[in-house]
Every structure is written in C-alpha cells, then in structure tokens.
Amino acid sequence: MNCKLFADRFKPLTDPFSSKNLIIFGTGPLVGTIVPGSSRTVAISKFPATGAVANSCGSMSFAFNLKQAGFDHIIITGKSEKPVYLHISDDHVELSKAKVIWGKDIVETTNFLKKKHGSSGVIAIGQAGEKLVKSSMTLIDKTSTLGRGGLGAIMGSKNLKAILTQGTKGIPIAELKKFNKLYKNLIERIRKYPHRDSWIELGMLRSLPVGMLLTAKGQKKKARQCSDRMYLKKMKKRRIACPSCPMADKDILEIREGEYSGLINYTSSIINPLMMFIVDGLDTYDQAIKAFDLISRYGLDSLTMTALFEFISKMNEIDLLTNEELGFEWKRDYKTFNHLIEITAKREGFGDILADGWKKLAEQNKTFSNEMLTVKGLDVIFEPRFLRLGTMEFEQVVNPKGAHVASGGSPTYVGAGGTLDKMKSHFNRMGIPETAFSRIFDPPKKGMGVNVGRLTRYSEDWYTVLTSLGLCARAQMNRFFSLDLVTDLYNLITGFNLHQEELRLSAERSWNLLKLMNLKEGFSRKDDKFPNGWFKPLKMGENVLKFQDFYGEVIITQDIANELLDDYYDERGWDKQNSYPTISKIKALALEKYF
Amino acid sequence: MVKSKLIEIIIHEERCTGCRICQLICSSIYKNKYSPTEAFIQIVDAYELIPKISFLDGCTHCGQCVNYCLYGALELKEGEE
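Heads up: the sequence lines are chains A and B, in that order. Quick note on numbering: numbering that gives the first Met the number 0 labels position 92 of the first sequence as 91, and the sequence is numbered without any gaps. Quick note on numbering: numbering that gives the first Met the number 0 labels position 58 of the second sequence as 57, and the sequence is numbered without any gaps.
Be aware that one or more of the hints could be misleading.
Derived DSSO-like pairs (lysine-lysine); straight-line CA-CA distance at most 30 Å [as the list claims (entries may be wrong)]:
no.: 1; chain 1: A; residue 1: 421; chain 2: A; residue 2: 525
no.: 2; chain 1: B; residue 1: 32; chain 2: A; residue 2: 113
no.: 3; chain 1: B; residue 1: 51; chain 2: A; residue 2: 183
no.: 4; chain 1: A; residue 1: 183; chain 2: B; residue 2: 32
no.: 5; chain 1: B; residue 1: 30; chain 2: A; residue 2: 114
no.: 6; chain 1: A; residue 1: 236; chain 2: B; residue 2: 51
no.: 7; chain 1: A; residue 1: 81; chain 2: A; residue 2: 19
no.: 8; chain 1: A; residue 1: 78; chain 2: B; residue 2: 30
no.: 9; chain 1: B; residue 1: 30; chain 2: A; residue 2: 168
no.: 10; chain 1: A; residue 1: 168; chain 2: A; residue 2: 180
no.: 11; chain 1: B; residue 1: 76; chain 2: A; residue 2: 445
no.: 12; chain 1: A; residue 1: 103; chain 2: B; residue 2: 51
no.: 13; chain 1: B; residue 1: 30; chain 2: A; residue 2: 113
no.: 14; chain 1: B; residue 1: 32; chain 2: A; residue 2: 191
no.: 15; chain 1: A; residue 1: 168; chain 2: A; residue 2: 96
no.: 16; chain 1: A; residue 1: 114; chain 2: B; residue 2: 32
no.: 17; chain 1: A; residue 1: 584; chain 2: B; residue 2: 32
no.: 18; chain 1: B; residue 1: 76; chain 2: A; residue 2: 183
no.: 19; chain 1: B; residue 1: 30; chain 2: A; residue 2: 180
no.: 20; chain 1: A; residue 1: 191; chain 2: A; residue 2: 220
Over 10 Å on every C-beta distance to chain B, these chain A residues come out as not near it, computed from the model [what the hints assert, rightly or not]:
no.: 21; residue: 186
no.: 22; residue: 189
no.: 23; residue: 215
no.: 24; residue: 331
no.: 25; residue: 418
no.: 26; residue: 434
no.: 27; residue: 478
no.: 28; residue: 589
Short, incomplete list of chain A residues facing chain B, as computed with Cβ under 10 Å [said to hold, decoys possible]:
no.: 29; residue: 32
no.: 30; residue: 102
no.: 31; residue: 113
no.: 32; residue: 118
no.: 33; residue: 142
no.: 34; residue: 170
no.: 35; residue: 174
no.: 36; residue: 195
no.: 37; residue: 199
no.: 38; residue: 239
no.: 39; residue: 243
no.: 40; residue: 244
Read the hints as simulated data drawn from the structure, not as lab findings. The beta carbon of each residue, even a glycine, is placed where N, CA and C say it ideally should be.
From just these sequences and the hints, can you work out the full model?
Have a look at this one:
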C-alpha cells in the first residue's frame with residue numbers, strides 16, 4: 000500500500016529536499032493486534048543519500064499506537080515554515096510548535112514529548128536531521144532505527160522534528176474465535192522453541208558473536224570484552240520488546256564502571272555498538288557504547304560513521320586524504336572518532352562534505368570511488384569476504400535503495416542455511432514455487448550449490464510479504480512464519496478470503512513498482528554494481544579472506560558476479576541488459592499504469 | 000467446608016519487557032478487541048528503566064495475563080480464603 004500511495008502521488012525526479020517530496024508512514028494490517036512481532040513501521044520517500052525511492056522499516060510502538068488510533072498510513076507533504084511536531088491521538092491530529100525541542104537530540108526530544116503527552120510511540124530526528132545530513136536517520140522510541148539513507152534529513156527539510164502517536168480505539172478481529180485458536184498454537188510453538196531463552200538472554204548477540212570477528216583479526220583481548228559473559232555482566236541493563244513480541248531482543252544498556260559510568264543507551268541491537276568496536280581505534284567496549292550513544296542522539300547512522308572512520312583512516316595512512324585537507328590531525332583513536340561524529344552532525348569544516356554522503360566524498364579524489372565499499376551511495380553492511388555470498392550480501396547490490404540490510408532475509412542468513420535439504424524446507428515455508436527449485440539449485444559454477452541471484456528474488460518477495468503485513472523479519476521470528484500461516488492470520492483478522500498466491504503476488508507487485516519508480520529516477524543495471532573492493536583479498540589479522548560463494552567452494556569473479564545478476568533479473572522477469580521489468584511482467588502484475 | 004481459591008498475582012516489574020501481550024490478551028477476553036488501554040492490567044513507562052504495572056478495578060484475577068506473560072513478569076500465587 001505504501002508503494003502504491005507513493006507512486007500515485009510522487010512526481011519523478013523531485014529533489015529529496017523539495018517540499019514536494021513525500022514521506023508516507025505505513026502500518027500493516029496485522030499491526031496493533033497480538034500476532035507475534037506485528038509492530039513494524041514502514042516509511043517510503045525519495046532518499047537524499049542515494050536519490051532512490053525506497054522503503055525503510057522500524058519497530059517499537061509507533062505503528063502500534065497509530066493503528067490503535069485508527070490510522071493505517073500518514074502522508075507527509077509540503078514544508079512547515081517553522082519547526083513543528085505532529086501529534087496524533089485518536090481523531091485529534093495537530094501540528095504543534097517544536098521550538099523548545101528544535102536543536103535537542105533524539106533522546107531529549109523523545110523524553111520531552113513522552114513526558115508531555117504520556118504513553119505514546121515517537122519518531123524523532125536529532126541535530127543531524129535538522130542539518131540535512133544525508134545519512135541521518137530517525138529513532139522510534141529512542142531505540143529502533145528508521146530511515147537509513149537520510150529520512151532524518153527529509154523530516155528536517157520539512158521542519159518536522161517528531162511524530163507522536165497515541166491510540167485508544169482498539170482493533171476488532173473479524174473471526175476472533177478461530178484467530179485465538181491459531182494464535183494459541185503459534186505462541187505455544189514459540190514458547191517451546193528450545194533456543195528461546197538464550198535469544199532473550201543474549202538478544203542479537205546470539206545472531207552474530209562479535210568476538211568471533213575480533214578473534215579472526217587476531218585481537219583476542221578486544222574479543223574478550225564482547226563475550227556473552229561481559230555483555231551480561233557489564234552492559235545489559237534491561238531487555239525490552241516491541242508490542243506483541245515474544246522474542247524480545249532490544250536493549251537498554253548501562254555502562255557500570257570507568258569514565259562513562261552511569262551512561263544509559265537504548266539500542267535495537269547490541270550488535271550496533273559492538274560492530275563499531277571492531278574497527279581499529281576504539282580500544283574498550285565502553286568507548287564503543289559511548290560513541291554509539293552520541294551517534295544515536297544526533298540521529299546519525301552508526302554503520303555509516305564506522306565505515307567513514309575506517310575509510311578516512313585508510314586514505315589518510317596512504318596520504319590520499321591529508322591532515323591539511325581534513326583540517327585537523329587524523330589519528331585512529333577514540334578522540335578522532337568522536338570529532339568525526341561532531342563535525343558530521345554539525346556540518347563543520349570537512350564534516351560538511353561528509354554530511355553530503357559518499358557520493359560527495361568521491362568527488363574529492365578520483366581514486367576514492369575505487370576504494371569505497373558502497374552501492375548506489377550507501378556503505379555495505381554485510382561483508383561477503385567474511386560472511387560469504389548469501390542473499391543478504393547479494394541483495395545489497397540489487398536493492399533499489401542501495402546497500403541495505405533488511406531485504407534479503409532468507410535461508411542464507413548468517414548462521415542459517417546448512418544443507419540443501421534444509422534449504423528446501425525454508426523454501427516451502429517462504430512460498431517459493433517448486434518449479435523454481437531446479438533453477439535455484441543451478442548456480443553458475445557447480446560447486447556453489449545454490450544460485451543466490453535466483454534465490455534473492457524469492458527472499459525479497461518473502462521479506463516484502465512480512466513487511467507489508469507489519470511482521471518482524473528478524474531470523475528468530477521469521478522462522479515461525481510461513482506463507483500459509485501469515486495468509487491465515489491475515490484472513491482471520493480482516494475477514495477477507497485471500498489466497499496465499501495473491502499475497503505473494505502483491506509482494507512481487509510492490510517490488511516491481513519500486514523498481515519502476517527508480518527507473519524513472521535514472522537507475523538501471525549500471526547501478527547494480529558489486530563494489531570493486533570485494534574482488535580484492537581482505538586482510539583480517541593473519542587471515543586473508545577472498546570473495547567466495549555461500550558454501551566457500553568457489554571464488555566469485557566479476558564474470559560469476561555478472562552471471563548472478565543475469566540470473567536475478569531473469570528470475571524477476573526483467574530485461575537483463577537494463578534491468579527493466581519486461582512488458583509481459585508488467586502486464587501480469589497489472590502495473591501498466593506505472594510504466 | 001468448601002474453600003474458595005484466592006488468586007494473587009505477583010508482579011516482577013524488572014522482568015517486564017513492555018511487550019503488552021498481557022494487555023492484549025485481557026482486552027480480547029473482556030472487550031472482544033485488542034485494546035491495551037481498555038485492559039484491566041495497565042503498564043506505565045513500558046520502556047523506561049522500571050515499568051509500572053497495576054491492576055484496575057474490575058479485574059477478576061482470571062489469571063490469563065499470567066498465563067500469556069512470556070517473560071515471568073507476572074506470577075500466580077494461589078491461596079485459600
């Protein structure tokens with residue numbers, strides 16, 4: 000729905016900061032109910048970091064409250080003359096002055112609004128959004144990131160500091176008795192999941208033990224600082240959950256000793272601050288949490304800031320970016336990282352260039368773009384030379400938004416996958432037609448086992464089904480859902496009688512519509528480009544890692560990468576040369592109006 | 000003599016995650032819809048350091064919120080009257 004609402008209203012080639020750019024916030028039809036993990040917020044807009052029309056997803060209680068107030072979507076357009084925040088409380092919808100919170104960070108803003116209005120869901124921007132930093136994000140309830148690629152700046156360009164939602168109307172269920180029976184079975188399955196306790200104890204640290212990465216770098220002392228034991232003893236304060244979630248994984252962190260003792264930080268994943276700790280220059284875990292807290296408060300992107308710190312350090316070491324150009328002495332240390340955060344958020348000195356994103360930085364030196372690990376102007380998140388090439392890694396190349404983390408949930412997710420038979424059971428769960436199995440198991444080179452190009456198409460569709468309904472796509476929740484089950488939940492809640500194939504088709508239609516909108520923005524196959532750096536060895540301590548397939552059997556060359564792209568477009572029904580959806584695909588999806 | 004059961008619900012606020020499943024269950028049973036604000040169990044400051052949980056007048060102590068709490072924040076203690 001978000002895609003359609005946007006496509007029907009957005010004029011192609013509109014500047015992201017124009018008052019005519021739109022932001023549409025959406026909830027899914029399952030949001031506001033007790034369906035496990037049904038609390039997602041989706042925002043669609045034209046993003047400044049990439050110039051792409053894209054979706055962003057977040058969680059916590061914003062969409063839940065919006066739905067309880069009786070709304071499915073909010074369409075933001077125009078621009079306020081003065082800073083305002085939007086307050087929605089059931090039928091009361093008001094733009095209120097935001098003078099007292101303009102200039103405040105996200106935590107201060109959210110605390111102020113929740114204190115003033117009471118229990119609510121709050122999306123807020125920090126100073127980086129106000130300053131139109133192109134990598135700025137928003138946070139929901141101080142915790143969940145929303146809008147990688149500049150949603151914060153788009154809100155800032157509209158002088159919209161925050162949106163607060165409160166609802167008391169309740170959500171009726173069309174078939175309550177049948178729904179209750181289905182819910183009871185589902186929640187019992189989740190309750191009995193043998194690894195549930197450890198997921199709740201460790202949160203996202205269970206999905207990616209960060210110490211493993213540091214050990215691979217030969218940094219055992221640092222690795223010990225982010226062990227499970229250290230996390231539980233020295234960082235974890237309280238586990239929090241999105242509304243309706245039985246697999247709570249959000250964190251309130253507390254630093255208990257040292258210089259930053261007493262610091263409280265909210266995060267959607269403990270992995271966020273700990274992944275920053277992996278870069279050389281931060282020596283202790285509490286430095287990473289402190290720097291992450293600053294990034295969150297300003298409304299910056301911790302992944303982008305970490306990638307920038309790494310990139311500038313490398314360029315500075317080989318004199319491609321000198322201290323004179325930077326305007327200060329660069330060191331690989333905590334103090335410099337903090338300075339980088341400050342100047343970017345405030346657009347001071349060289350920070351003004353960084354605030355305009357990777358594309359602007361690439362203009363400073365013609366060799367930079369070869370060294371950047373970016374796709375369409377967004378830094379990559381999943382490093383395939385360490386994790387190998389699964390759909391999460393591949394999808395970063397083809398996602399219309401650019402390198403993006405969330406769209407490729409599939410059996411090749413970190414730590415999942417396994418044997419081909421195990422993959423098949425996931426394929427069935429995701430509603431992949433059996434006729435596609437033989438193509439998915441036919442990769443460019445035999446040893447690869449699985450063709451991630453073809454599989455990515457279905458992973459995107461499955462992810463879109465979950466997102467459209469408002470369901471959590473994280474692996475620990477995703478595993479309990481199947482296309483059958485979510486169709487049943489949808490029908491019992493709404494009273495409709497949709498066939499699961501119609502649901503899958505609507506997800507495919509939505510993805511194609513997104514693609515069509517981005518073709519109009521000038522994107523095509525040339526932009527689905529594997530970063531050059533992936534084809535070079537990655538040195539991690541004494542290990543030299545190469546770009547390999549998911550099973551580690553085949554080195555991925557540029558030719559194989561191109562074949563995988565061909566296969567992805569073919570499986571999507573898109574033209575291989577330009578990546579345009581073919582006429583027959585457009586007709587099959589009834590998208591002629593948007594072509 | 001027939002003894003009636005007195006059900007006491009013990010609250011462990013430090014274990015609450017703010018998921019609101021207790022409120023959703025309560026409102027679905029007594030109001031036929033998912034409406035946390037109309038539930039007989041209320042949570043204030045769900046995402047602050049210590050949430051505050053209370054029961055409103057009208058609560059029958061049916062114990063369904065306890066049954067569905069997945070984090071051990073609510074515990075049932077049965078006594079005798």
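Hint check results:
1. A:421 to A:525: violated, 35 Å
2. B:32 to A:113: The given pair, whose Cα atoms are some 26 Å apart, holds under the 30 Å limit.
3. B:51 to A:183: holds, 27 Å
4. A:183 to B:32: holds, 16 Å
5. B:30 to A:114: holds, 28 Å
6. A:236 to B:51: Holds, at roughly 17 Å.
7. A:81 to A:19: holds, 17 Å
8. A:78 to B:30: Roughly 41 Å separates the two Cα atoms, so the pair is violated.
9. B:30 to A:168: holds, 11 Å
10. A:168 to A:180: OK: residue 168 of chain A and residue 180 of chain A at ~24 Å, within 30 Å.
11. B:76 to A:445: Judged against 30 Å, a Cα distance of about 61 Å means the pair is violated.
12. A:103 to B:51: holds, 27 Å
13. B:30 to A:113: holds, 27 Å
14. B:32 to A:191: holds, 27 Å
15. A:168 to A:96: The given pair, whose Cα atoms are some 26 Å apart, holds under the 30 Å limit.
16. A:114 to B:32: Judged against 30 Å, a Cα distance of about 28 Å means the pair holds.
17. A:584 to B:32: violated, 41 Å
18. B:76 to A:183: holds, 23 Å
19. B:30 to A:180: holds, 18 Å
20. A:191 to A:220: Judged against 30 Å, a Cα distance of about 37 Å means the pair is violated.
21. 186: violated, 7 Å
22. 189: violated, 8 Å
23. 215: Consistent with the label, residue 215 of chain A stays out of reach of chain B, its closest Cβ about 33 Å off (over 10 Å).
24. 331: Per Cβ check, residue 331 of chain A is outside 10 Å of chain B; nearest 35 Å; holds.
25. 418: Given a closest Cβ separation of 31 Å, the condition holds.
26. 434: At roughly 39 Å from the nearest Cβ of chain B, residue 434 of chain A sits farther out than 10 Å, so the non-interface label holds.
27. 478: holds, 16 Å
28. 589: holds, 33 Å
29. 32: holds, 5 Å
30. 102: violated, 24 Å
31. 113: holds, 8 Å
32. 118: Residue 118 of chain A check passes; min Cβ-Cβ to chain B is 7 Å, inside 10 Å.
33. 142: Holds, about 7 Å.
34. 170: For residue 170 of chain A, the interface hint holds, since the closest Cβ of chain B sits about 4 Å away, which is under 10 Å.
35. 174: Cβ of residue 174 of chain A sits 12 Å from chain B, so the hint is violated.
36. 195: holds, 8 Å
37. 199: Holds: closest Cβ of chain B sits about 7 Å from residue 199 of chain A, inside 10 Å.
38. 239: Holds - the Cβ of residue 239 of chain A comes within 10 Å of chain B, reaching about 5 Å at its closest.
39. 243: It holds, given that the least Cβ distance between residue 243 of chain A and chain B is near 6 Å, below 10 Å.
40. 244: Status holds, d = 5 Å.
Of the numbered hints listed earlier, those contradicted by the structure are 1, 8, 11, 17, 20, 21, 22, 30, 35.
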